[in-house]
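Work the whole structure out from these sequences, hints included.
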Amino acid sequence: MSAVGIRGERDQGQDVRTSNVTAVMAIANVVKTSLGPQGLDKMLVDEIGDVVITNDGATILKQLEVEHPAAKVIVELSQLQDKEVGDGTTSVVILAAELLKRANELIKIKVHPTTIISGYKLAARQAVKYIQSHLVHKITEDDTEILLNAAKTSMNSKIIGSESHIFAKLAVDAVRLIKTQGYITGKPKYPIQSINVVKSHGQSSNQSELVRGYVLQTQRASQQMVTKVKNAKVACLDINLNKFKMQMGVQILVDDPNNLEKIRKKEMDVLKERIHLLLSAGANVILTSKGMDDLANKYLVEAGAIGLRRVPKEHLRRIARATGAKIITTFANEETGESFDVSSLGEAEEVYEEAIGDNDYIFFKGMKKEQSASIILRGANEMMTDEIERSMHDSFCVVKRTLESGSVVAGGGAVEMALSIYLDDFSRTLDTVEQIAVAEFAEALTAIPKILATNAAKDSIELISKLRVLHSKSQSIKIDEKGFKYSGLDLIKGEVRHNLKHGILEPTVSKVKAIKFATEAAITILRIDDMIKLEPKKEQMPGRH
Amino acid sequence: MSQPPQASQQQSQKANTFNKSEKTKDIRLTNIQAAKAVSDAVRTSLGPRGMDKMIQDAKGQVLITNDGATILKQMDLVHPTAKMLVEISHAQDVEAGDGTTSVVVFAGALLKSCEVLLEKGIHPTTISEGFQFALENALEALDELKKPVDLDNKQQLIECVQTALSSKVVSSNSTQLAPLAVDAVLRIVDPLKPNNVDLKDIKIVKKLGGTIDDTELVEGIVFSNQKASQTAGGPQKIENAKVALLQFCLSAPKTDVENSIAIKDYTEMDKILKEERKYIIDLVKKIVASGANVLLIQKSILRDAVNDLSLHFLAKKGIMVVKDIEREDVEFISKTLCLVPVAHIDQLTPEKLGTAGLVETVFLNDESKVLRITGVPAQSKALTILVRGSNQLVLDEADRSIHDALCVVRSLVKSKGLIPGGGAPEIHLSLKLTQKANTLTGARSMCVRAFAEALEVIPYTLAENAGLNPINVVTELRNRHLKSQKFAGIGMKKNNIVDDITTEQVVQPILVTRSALSLATECVRMILKIDDLVISAR
Chain C
1 MSAVGIRGER DQGQDVRTSN VTAVMAIANV VKTSLGPQGL DKMLVDEIGD VVITNDGATI
61 LKQLEVEHPA AKVIVELSQL QDKEVGDGTT SVVILAAELL KRANELIKIK VHPTTIISGY
121 KLAARQAVKY IQSHLVHKIT EDDTEILLNA AKTSMNSKII GSESHIFAKL AVDAVRLIKT
181 QGYITGKPKY PIQSINVVKS HGQSSNQSEL VRGYVLQTQR ASQQMVTKVK NAKVACLDIN
241 LNKFKMQMGV QILVDDPNNL EKIRKKEMDV LKERIHLLLS AGANVILTSK GMDDLANKYL
301 VEAGAIGLRR VPKEHLRRIA RATGAKIITT FANEETGESF DVSSLGEAEE VYEEAIGDND
361 YIFFKGMKKE QSASIILRGA NEMMTDEIER SMHDSFCVVK RTLESGSVVA GGGAVEMALS
421 IYLDDFSRTL DTVEQIAVAE FAEALTAIPK ILATNAAKDS IELISKLRVL HSKSQSIKID
481 EKGFKYSGLD LIKGEVRHNL KHGILEPTVS KVKAIKFATE AAITILRIDD MIKLEPKKEQ
541 MPGRH
Chain W
1 MSQPPQASQQ QSQKANTFNK SEKTKDIRLT NIQAAKAVSD AVRTSLGPRG MDKMIQDAKG
61 QVLITNDGAT ILKQMDLVHP TAKMLVEISH AQDVEAGDGT TSVVVFAGAL LKSCEVLLEK
121 GIHPTTISEG FQFALENALE ALDELKKPVD LDNKQQLIEC VQTALSSKVV SSNSTQLAPL
181 AVDAVLRIVD PLKPNNVDLK DIKIVKKLGG TIDDTELVEG IVFSNQKASQ TAGGPQKIEN
241 AKVALLQFCL SAPKTDVENS IAIKDYTEMD KILKEERKYI IDLVKKIVAS GANVLLIQKS
301 ILRDAVNDLS LHFLAKKGIM VVKDIEREDV EFISKTLCLV PVAHIDQLTP EKLGTAGLVE
361 TVFLNDESKV LRITGVPAQS KALTILVRGS NQLVLDEADR SIHDALCVVR SLVKSKGLIP
421 GGGAPEIHLS LKLTQKANTL TGARSMCVRA FAEALEVIPY TLAENAGLNP INVVTELRNR
481 HLKSQKFAGI GMKKNNIVDD ITTEQVVQPI LVTRSALSLA TECVRMILKI DDLVISAR
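Chain order of the listed sequences is C and W.
Sequential numbering from 1 applies to the first sequence in full-length UniProt numbering.
Sequential numbering from 1 applies to the second sequence in full-length UniProt numbering.
I should point out that these hints are in silico values taken from the structure, not numbers from a laboratory.
Please read these numbers as outputs of a predicted model, since none were measured by experiment.
Please note that a few of the clues may not be correct.
Facing chain C, from chain W, some residues (calculated, C-beta under 10 Å) [claimed, not checked]:
#1 45
#2 60
#3 75
#4 266
#5 270
#6 390
#7 444
Think of the CB as a built atom: it goes at the ideal place given N, C-alpha and C, for glycine as much as any other residue.
What follows is the structure in structure tokens.
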């Protein structure tokens, strides 16, 4: 117990900073080797024994059980990047850790933390400004080539990197399909959560396909139902289509055996009545989020309709929106009776069941209201399909952000190197203590190309020097005709090349946000000079003194 | 910590019994030590260049903050005297909302000077009275620095708030948050009671996501957790809303657990079904008759607030339903929308409804949703601040900082006076008190002088935290004040001493300093008077 008398530990000053930086570096080291096209994957086994194989920074960090509070800030940082951008989760962590490491060195030589903070803030602001004014390449919505390349770049580091031409096309097509007008702003929006990804293991990942329509992983409620309905009228229900039961608290007391039969019949009649309401309105595809028992199946089979039960609410909602159906929660009408309105039905050109791999799937095609995109992923095993799904999610995000921001930057360390040179020059225009912090910020940015090269087993020092020369040239000459500013690494050949031409592209917003977030996280941790860890409260035993 | 006398155990016990004064001195010193330790714990977070503390509480939750009151509250201190300091910090938070760190740092410095005085053999009561005398003089001298505040001069108010925010994590957003806080408080000032505002009229709603830049002031109400029911396809946007706040449920009454309804005939089954529907339909009809088109339903743990049936009918009638309204929000909602909560359907009459221009589900830029009620009646005095932040830590800290900012504006409304910041007032007071001490004789003079010296701890710590040489800074400040540059203080823009700190817009409400001085002095006087510590056995 310290002099203050707290129950727990307390660290102050340099001790805290060093311990924070060490913790953050440890986290960064975990994900470091997965950066870039030549980065390797991690196999994570949780306490139950479930295996996840991934290359995605955010996923790796989510699985780690991090104790240290400062490390938690970094894990949250990658989660934030994942949420806001969807890509660049690894690089943001590496950048933040590098910034912290350098700041700690500066503090050791007696630079005040607040000076470093203001220097970093200044540097980040300048960097973002420079990206937007010098490094972006504007694109239009129809520039398929660029979209494909951006998607490919994001996939390069993943397991599907070798088949990126197939998957990039899938991603771009899918994102284009789900384009909608914004609710308020009227700007086009790409709600990527409405891309329905279905995983089915078996066959090769090359067999993955895009379906223009909705795919639901479920079976018909009964095998006797028809497998295909054309000109489908879809009813979406949130009602139990089981034999009717009285609610709790209602007892049925029968003193006459005849009555028993009548009550049973009544129970069936209520259901029969309801199904009849649906069928007479013209419904021939009936989805419910709840149950559908044999009795209901029987009526549906007779009517030649498809019934789907236990459809997850989320899917039900999307199908309802796409077909123009209304989700019905009760049949009750104002006259205390029951009815079903025809206008609640949605429409689709066809609805059919088809088996893919081991599972049956229901396909909704030609839906009336909205186009919908579903992607069926195939792969050798579950871990692979899971990783493909994560990679696809990243690519969707990349395509979406590219479309939204309307500009791209060159990848392969090009932006980082250009910024590093620019900030280094910029730092020399400052006559305050911030100069040294800005210079360190510039140096920290080179960590990304360095690690990219190291992961690809190339000579990082040589490559970085070459890059630096080109970028320095581009910033010193007036007109950069040859586009030296887009120079980045070619990690296969171990060369420096024009990455914009070679289609190594990233959405601008991804880089901008990564710099902003990493700086913010580094500052949050830098500002801490005192850490108090309270002991967990011990449960008091009742009745003991 | 006090050491037991070197003699054997028995002897020391004997000595304690007979030599009471020895023991009381020990107690006093222990108390002072503990309180000083607390003040040392927070001193590095004082000022714009202060650092943050990271606290992991007993449950493993992590908190990063710069706010003295929050730090101390979270530290879970054991020593009773240390707890007293925590309380004054809390009291300062309630009274002024800002200066929670300075009050503790100052109390610590006062206690330190007590130690010296006690050593000289001055009686604690004399010290206590001397401090009181010094405080009265200090408060008088403080008024000399006072500049009047004009509540219409927004720029002045904003500067003041910016000073308060400068030490926080959100300081980079202070240009945006400061005007927001000023606008919020000024709007709720009641013209009938111009000297006070009730901060309860400003509701701070936190919503994770976005960045602090997205924080906004909403004239109306924002619900981040409750949303308009979508289950039955109810409306998401209603213009010219008539809002009813219901404190009853729109679901079928349940029988008690023990009771049950027995039915014997199948015809009765139909009846039960219909009865339930009829009940709901009647409710809905009455609601429609009252003219309400937005229903806010208070959370109930006894029954479902709504059921599928009532939602279905209400959606058909185009009535928006928002359930799970928290009990504590009821008052705020009533105030904002000028409505009367209704506890039974029969009391639902048109005059109990509130009006709002627009009630709608709004998509924020990161695709999360909140329910927003705007266009509230003109006479309504309440409003909402929607705080955004990229993670929980930042969000919580933004919330605390906005609270501080609001408090600063409130203290300006309460006592319309401004004084410079940056250590200027403390040096000024210190100088005045030293001069005063020279006119006195006896122990009191010593006490006043000690008080004056203790005041210097604020500029001393400010300088230290900013990485300056504290001794040089404090002595130079003294020197300048002696040359009657009474606004000289430490400027943080260039990290130097400026002749007039107000030119750098470093100003603070007089109430903050006044209350900090009084609270700290009072607490120190109380600690001085303690001469025995009895820990009762449980």
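Do the hints match the structure? See the list:
1. Look at residue 45(W): its Cβ gets to within about 8 Å of chain C, closer than 10 Å, so that hint holds up.
2. Of the supplied interface hints, the one on residue 60(W) holds, with its beta-carbon coming within about 7 Å of a beta-carbon of chain C, less than 10 Å.
3. Proximity of residue 75(W) to chain C holds as hinted, the smallest CB-CB distance being about 5 Å (cut-off 10 Å).
4. Hint on residue 266(W) holds. Least Cβ distance to chain C is approximately 4 Å, under the 10 Å limit.
5. With its C-beta approaching chain C no nearer than about 8 Å, residue 270(W) sits inside the 10 Å limit, and its interface hint holds.
6. Hint on residue 390(W) holds. Least Cβ distance to chain C is approximately 5 Å, under the 10 Å limit.
7. Taking 10 Å as the C-beta contact cut-off toward chain C, the hint placing residue 444(W) at the interface is violated, the least distance being around 32 Å.
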